[in-house]
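J.: Here are the chains, one letter per residue:
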Amino acid sequence: MHEENDDILEQVTSSEYKYGFVTDIEADEAPRGLSEDTVRFISAKKNEPAWMLAYRLKAYKHWLTMEEPKWPNVEYPPINYQDIIYYSAPKQKIAPDSLDDIDPELRKTFEKLGISLNEQKRLSGVAVDAVIDSVSVATTFKEELSKVGVIFCSMSEAIQEHPELIQKYLGSVVPATDNYFTALNSAVFSDGSFCFIPKGVRCPMELSTYFRINAANTGQFERTLIVAEDEAYVSYLEGCTAPMRDENQLHAAVVEIVAMEKAEVKYSTVQNWYPGDKEGKGGIFNFVTKRGICSGAHAKISWTQVETGSSITWKYPSVILKGDYSIGEFYSVAVTNNFQQADTGTKMIHLGKNTKSRIVSKGISAGKSQNSYRGLVSVAKNAGNARNFSQCDSLLLGDKCGAHTFPYIEVKNNTAVVEHEATTSKIGEDQIFYCNQRGIDTETAVALIVNGFAKEVMNQLPMEFAVEAQKLLAISLEGSVG
Amino acid sequence: MLKINNLQASIEEKEILKGINLDIKPGEIHAIMGPNGSGKSTLASVLAGRADYEVTEGTVEFMGKDLLELSPEDRAKEGLFLAFQYPVEIPGVSTTNFIKSAVNEKRKYLGLEPLDAAQFLRNMKEKMKLVEIDQSLLSRSLNEGFSGGEKKRNEIFQMAMLDPKLAILDETDSGLDIDALRIVANGVNQLRTKDNAFLVVTHYQRLLDYIVPDFVHVLYKGRIVRSGTKELAKELEVKGYDFIKAEVDQEMA
Ligand SMILES: Nc1ncnc2c1ncn2[C@@H]1O[C@H](COP(=O)(O)OP(=O)(O)O)[C@@H](O)[C@H]1O
Ligand SMILES: [Mg+2]
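Listed in order, the protein sequences are those of chains A and B. Numbering-wise (my numbering), the first sequence opens with residue 199 and increments by one. Numbering-wise (my numbering), the second sequence opens with residue 94 and increments by one.
Take these hints with a grain of salt, some might be off.
When the alpha-carbon atoms are kept at most 30 Å apart in a straight line, the in silico BS3-like pairs for lysine-lysine are as follows [to be verified]:
1. A:K653 - B:K201
2. A:K479 - A:K268
3. B:K258 - B:K287
4. B:K201 - B:K111
5. B:K118 - B:K287
6. A:K268 - A:K256
7. B:K107 - A:K598
8. A:K464 - A:K610
9. B:K107 - A:K624
10. B:K287 - B:K327
11. B:K332 - B:K314
12. B:K314 - B:K111
13. A:K624 - B:K244
14. A:K520 - A:K397
15. A:K268 - A:K598
16. B:K118 - B:K244
17. B:K218 - A:K653
18. A:K653 - B:K244
So, partial list: chain A residues that the calculated Cβ filter (under 7 Å) puts toward chain B [claimed, not checked]:
19. E227
20. W269
21. V272
22. D628
23. Q629
24. F631
25. N634
26. R636
27. I638
28. F651
29. K653
If you are wondering where the hints come from, they were derived from the structure by calculation, not from laboratory data. Even glycine gets a Cβ: it sits at the ideal position worked out from N, Cα and C.
Work out the full structure, taking the sequences as your base and the hints as a guide.
T.: Structure, rendered in structure tokens:
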């Protein structure tokens with residue numbers, strides 16, 4: 199990573215949100231607003247089987263009975279759910295037969311974002327599912343993966359091609375009724391990725407999904423499901439960006455992970471939705487539910503997230519540690535600048551014996567932003583010898599921002615050992631002057647110090663993402679000091 | 094190389110430097126001595142461009158440029174180096190990475206290509222030998238958990254890597270045992286050329302047995318009250334600062 203550092207530092211000074219462009223492409227859209235008809239429209243567009251429509255309608259009816267949660271430490275104007283477009287698909291032959299058939303305009307869009315849909319061009323083995331607005335436009339390396347039995351495709355395709363797996367696992371970790379946004383997502387989700395790693399298979403390449411919001415006034419509701427059977431392994435990456443727009447856009451995703459006996463799933467996110475402008479105008483509302491279950495003994499699920507975007511983030515990737523000796527990890531860097539608000543953390547639910555969890559959260563606040571860590575560690579009565587270690591560090595840039603920590607601990611078994619450490623620090627003028635004296639300007643010094651602060655988390659990311667994430671940290675803090 | 098003319102500076106309305114005059118030419122080593130609180134570190138900080146200090150009077154010319162007009166980072170890239178009395182810690186940033194950034198920022202400023210990994214490594218190996226510093230230390234977070242001596246050696250190592258025109262050493266000797274002192278001095282002596290210069294700030298004359306200065310100045314209450322050769326340092330060692338304080342206080346009374 200040392201090599202790349204210089205390029206990263208160079209870029210620090212160069213740009214603001216550089217993914218803010220709009221692709222001019224005709225879209226096939228649902229009428230504005232949400233009703234039973236909207237749900238039927240989406241399901242029909244996707245030519246879904248009856249069971250899927252039934253699932254959606256049930257979720258929709260439940261949603262109608264629920265209220266938006268008010269407990270997160272964030273403030274935003276009321277969302278008008280009737281003012282959102284729930285389905286928007288770029289007009290092209292959906293699911294082109296081969297990667298060559300992808301609309302060149304879309305291909306260009308992803309290339310501009312640094313995502314190549316050309317299999318030959320990929321040097322390192324990363325398979326990509328590219329999702330724009332409500333639909334997946336391409337998935338690479340499908341054939342190669344299928345040779346070892348790995349299924350990697352869009353959720354729409356999975357519903358058609360692998361209904362037995364979807365019926366078995368969809369909603370098995372995050373029920374539609376879990377919370378307001380999961381009910382909404384379950385009713386109107388339009389696409390996302392499905393990964394299935396069969397027993398004993400180590401997925402031969404990184405799998406990744408790249409989400410792009412393009413259309414105006416739309417919400418994005420994607421759905422991801424990852425199933426790793428006994429002794430399977432997969433590392434999955436997720437990235438996202440959106441154009442700069444003055445109005446807020448809603449993104450309410452659901453991610454579910456099932457890890458069976460001795461399986462391991464690593465899930466990494468670099469979240470870079472448009473954060474809004476310097477005055478706090480526009481930006482994505484990122485209300486996401488991510489949860490994994492270690493259903494078998496010795497299973498392991500790791501969440502790693504680098505959250506730099508969105509005007510509001512509300513997200514708690516969690517692990518249910520059901521299998522004995524299973525392990526849950528959560529590594530997070532959340533950066534907030536200007537008027538961004540983040541309320542993020544994790545839940546580690548220890549059910550099995552000898553289960554272990556580790557939480558490392560690094561919050562970086564600048565400008566007038568608010569950054570909260572909210573985490574729950576729960577140890578059930580039968581979870582003998584459960585272990586948790588939590589480390590929550592906050593770094594403040596300037597004195598108009600806020601950092602908050604809300605750790606919740608519920609222990610019902612007295613053999614449990616739960617440790618929580620928290621620190622808050624400020625970037626010191628001494629540190630910046632020291633860098634200045636070595637010829638490093640303030641902007642670059644901040645990037646250096648912040649990346650150092652976040653290092654333990656960044657080290658968890660796959661190489662390709664780590665470099666990208668370092669740049670992002672630097673860029674999102676631009677202009678925050680001096 | 095460095096021409097300081099009637100430099101006056103204050104912090105929080107408190108006047109610290111009260112008219113410093115100093116002329117340093119290439120190839121020279123100047124020592125600044127003086128009792129605690131006399132303004133030695135303040136002078137070093139003002140030259141390096143620390144924002145807390147306000148320059149109220151005077152001029153400083155460095156390599157033909159108006160030093161006070163330059164930002165701290167540009168001063169550094171023009172070839173001014175300060176070995177800090179209290180080096181800061183930067184958690185998570187390895188010393189190697191830090192120095193690499195610094196070296197390449199300077200090269201960019203001078204219109205040079207960044208060093209590639211191999212060149213940088215070669216350079217580093219060479220300079221490591223000079224200050225007898227270990228690779229393992231350089232892989233660790235900058236100054237984090239370093240002993241006092243390790244921090245000071247790391248400063249000299251950075252100096253060696255950045256190859257400055259003028260290096261200001263602020264009490265680099267304090268807190269060093271005799272071996273560390275010898276290593277630091279040895280580093281300075283090897284880096285000395287006819288084109289660069291050193292301003293060595295010290296409280297004790299001990300260091301000057303190893304780094305032999307061309308000129309010695311005594312700073313007291315924000316002024317240079319005596320200048321001489323290394324004999325002046327010897328005299329101070331024997332008599333202590335009190336005799337100068339007494340003399341000066343009497344002159345000023
Ligand atoms: N940040 C500061 N705020 C107020 N006074 C300061 C500050 N830094 C230094 N001083 C004062 O300036 C004077 C000179 O300090 P300094 O330059 O550190 O002396 P020296 O390095 O010679 O021991 C002292 O009286 C000290 O108390
Ligand atoms: Mg001092």
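J.: Evaluate each hint against the coordinates.
T.: Here is what the structure says about each hint:
no.: 1; hint: A:K653 - B:K201; in the structure: holds, 26 Å
no.: 2; hint: A:K479 - A:K268; in the structure: holds, 21 Å
no.: 3; hint: B:K258 - B:K287; in the structure: holds, 10 Å
no.: 4; hint: B:K201 - B:K111; in the structure: violated, 37 Å
no.: 5; hint: B:K118 - B:K287; in the structure: holds, 10 Å
no.: 6; hint: A:K268 - A:K256; in the structure: holds, 24 Å
no.: 7; hint: B:K107 - A:K598; in the structure: holds, 29 Å
no.: 8; hint: A:K464 - A:K610; in the structure: holds, 29 Å
no.: 9; hint: B:K107 - A:K624; in the structure: holds, 27 Å
no.: 10; hint: B:K287 - B:K327; in the structure: holds, 25 Å
no.: 11; hint: B:K332 - B:K314; in the structure: holds, 19 Å
no.: 12; hint: B:K314 - B:K111; in the structure: holds, 8 Å
no.: 13; hint: A:K624 - B:K244; in the structure: holds, 22 Å
no.: 14; hint: A:K520 - A:K397; in the structure: holds, 19 Å
no.: 15; hint: A:K268 - A:K598; in the structure: holds, 24 Å
no.: 16; hint: B:K118 - B:K244; in the structure: holds, 29 Å
no.: 17; hint: B:K218 - A:K653; in the structure: holds, 26 Å
no.: 18; hint: A:K653 - B:K244; in the structure: holds, 22 Å
no.: 19; hint: E227; in the structure: violated, 46 Å
no.: 20; hint: W269; in the structure: violated, 33 Å
no.: 21; hint: V272; in the structure: violated, 28 Å
no.: 22; hint: D628; in the structure: holds, 5 Å
no.: 23; hint: Q629; in the structure: holds, 5 Å
no.: 24; hint: F631; in the structure: holds, 6 Å
no.: 25; hint: N634; in the structure: holds, 4 Å
no.: 26; hint: R636; in the structure: holds, 4 Å
no.: 27; hint: I638; in the structure: holds, 6 Å
no.: 28; hint: F651; in the structure: holds, 6 Å
no.: 29; hint: K653; in the structure: holds, 4 Å
Violated hints for the displayed structure, listed by number in ascending order: 4, 19, 20 and 21.
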